[in-house]
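**Q** With the hints as extra help, turn the sequences into a complete structure.
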Amino acid sequence: AQKVTQAQTEISVVEKEDVTLDCVYETRDTTYYLFWYKQPPSGELVFLIRRNSFDEQNEISGRYSWNFQKSTSSFNFTITASQVVDSAVYFCALSEETSGTYKYIFGTGTRLKVLA
Amino acid sequence: DAGITQSPRHKVTETGTPVTLRCHQTENHRYMYWYRQDPGHGLRLIHYSYGVKDTDKGEVSDGYSVSRSKTEDFLLTLESATSSQTSVYFCAISRPGMRNEQFFGPGTRLTVL
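These protein sequence lines are chains A and B, in that order.
The numbers in the first sequence follow my numbering, run straight up by one, and end at 116.
The numbers in the second sequence follow my numbering, run straight up by one, and end at 1113.
Careful: at least some of the hints might be erroneous.
[Stated by the list, open to error] Just some of the chain A residues that point at chain B, by a computed CB distance under 7 Å:
(1) Arg50
(2) Tyr64
(3) Thr101
(4) Phe106
(5) Gly109
[As the list claims (entries may be wrong)] Calculated from the model, a selection of chain B residues having no Cβ within reach of chain A, i.e. all distances over 10 Å:
(6) Thr1017
(7) Val1019
(8) Ser1067
(9) Thr1077
(10) Ser1083
(11) Val1088
(12) Glu1101
Rather than coming from a laboratory, the hints here were simulated on the basis of the structure.
Backbone N, C-alpha and C define an ideal beta-carbon position, used for all residues, glycine too.
**A** Given below as structure tokens:
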């Protein structure tokens, strides 16, 4: 069965520190998609990145980077030089196709607090 | 912006009353989803739809029903609300043909007293 584990419930860092959010997933499919979403204090869910199972290249977008490793079933998210505006809950998610439809499983989220 | 709106945005109701939440999209996406978000549980799928009149259950569907009579609207109904259904409800659409990304509405905060 699908499962997404975000073992870190809450992380606190001081501004400008680097921080890595962990995501471990379980799936039996060979084709799947992984996502990260940000939920700031205002409550909306903001899409950050998508990665498919055939693309293990790491990705960098500004201060954000993602490390996808199929060998360890992990899709970790690193924020470099964190800022107070990065304070949010971050969700990792997994999507598979089942009988022609797509369903998504979310982790329980990691709350990141960046202190000034 | 995926053009998703939810109504109402906030609702307080009493145990035993029926409640309907509406999700409306403007971009003609085939797939629509309803989730609930609760502390310690993340987002859990309630029901989803893969077309008009085509719906299926998610992992926490008990006590909920859905309907989709038009592409743009996906309704979530609590037939008889209970306090355990107090939650934040999110609607989402996905774009399987476009990188399989999923986008969310602004959420509805429901309180059942």
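**Q** Does Ser1083 (chain B) really sit off the interface, with its C-beta more than 10 Å from all C-beta atoms of chain A?
**A** Since the minimum Cβ distance to chain A is about 21 Å, Ser1083 (chain B) lies beyond 10 Å and the statement holds.
**Q** Let's test the interface hint: is any C-beta of chain B closer than 7 Å to that of Tyr64 (chain A)?
**A** violated, 16 Å
**Q** Checking the smallest CB distance to chain A, is Thr1077 (chain B) really beyond 10 Å?
**A** holds, 21 Å
**Q** Please check whether Phe106 (chain A) passes as an interface residue: C-beta within 7 Å of a C-beta belonging to chain B.
**A** holds, 4 Å
**Q** Would the non-interface assignment of Thr1017 (chain B) survive a Cβ cutoff of 10 Å against chain A?
**A** Its Cβ never comes within 10 Å of chain A, the nearest being 25 Å, so this holds.
**Q** Is Ser1067 (chain B) truly not at the interface, in the sense that its beta carbon sits beyond 10 Å from all beta carbons of chain A?
**A** Nearest chain A Cβ is 17 Å from Ser1067 (chain B), so the label holds.
**Q** Measuring Cβ to Cβ, find out whether Val1088 (chain B) lies farther than 10 Å from everything in chain A.
**A** Contrary to the label, Val1088 (chain B) does not stay out of reach of chain A, its closest Cβ about 7 Å off (not over 10 Å).
**Q** In terms of Cβ atoms, is chain A entirely out of 10 Å range of Val1019 (chain B)?
**A** The claim stands: Val1019 (chain B) keeps its Cβ more than 10 Å from every Cβ of chain A (closest is about 20 Å).
**Q** Identify whether the interface hint at Thr101 (chain A) stands, where standing means a beta carbon of chain B within less than 7 Å of its own.
**A** holds, 5 Å
**Q** A closest beta-carbon separation below 7 Å is what the hint needs, so does Arg50 (chain A) meet it against chain B?
**A** holds, 5 Å
**Q** Just checking, Glu1101 (chain B) versus chain A, shortest CB gap more than 10 Å?
**A** violated, 5 Å
**Q** Let me know if the C-beta of Gly109 (chain A) comes in closer than 7 Å to any C-beta of chain B, holds or violated.
**A** Constraint on Gly109 (chain A) satisfied, holds at 5 Å.
In the structure shown, a violation is registered for the earlier hints numbered 2, 11 and 12, in ascending order.
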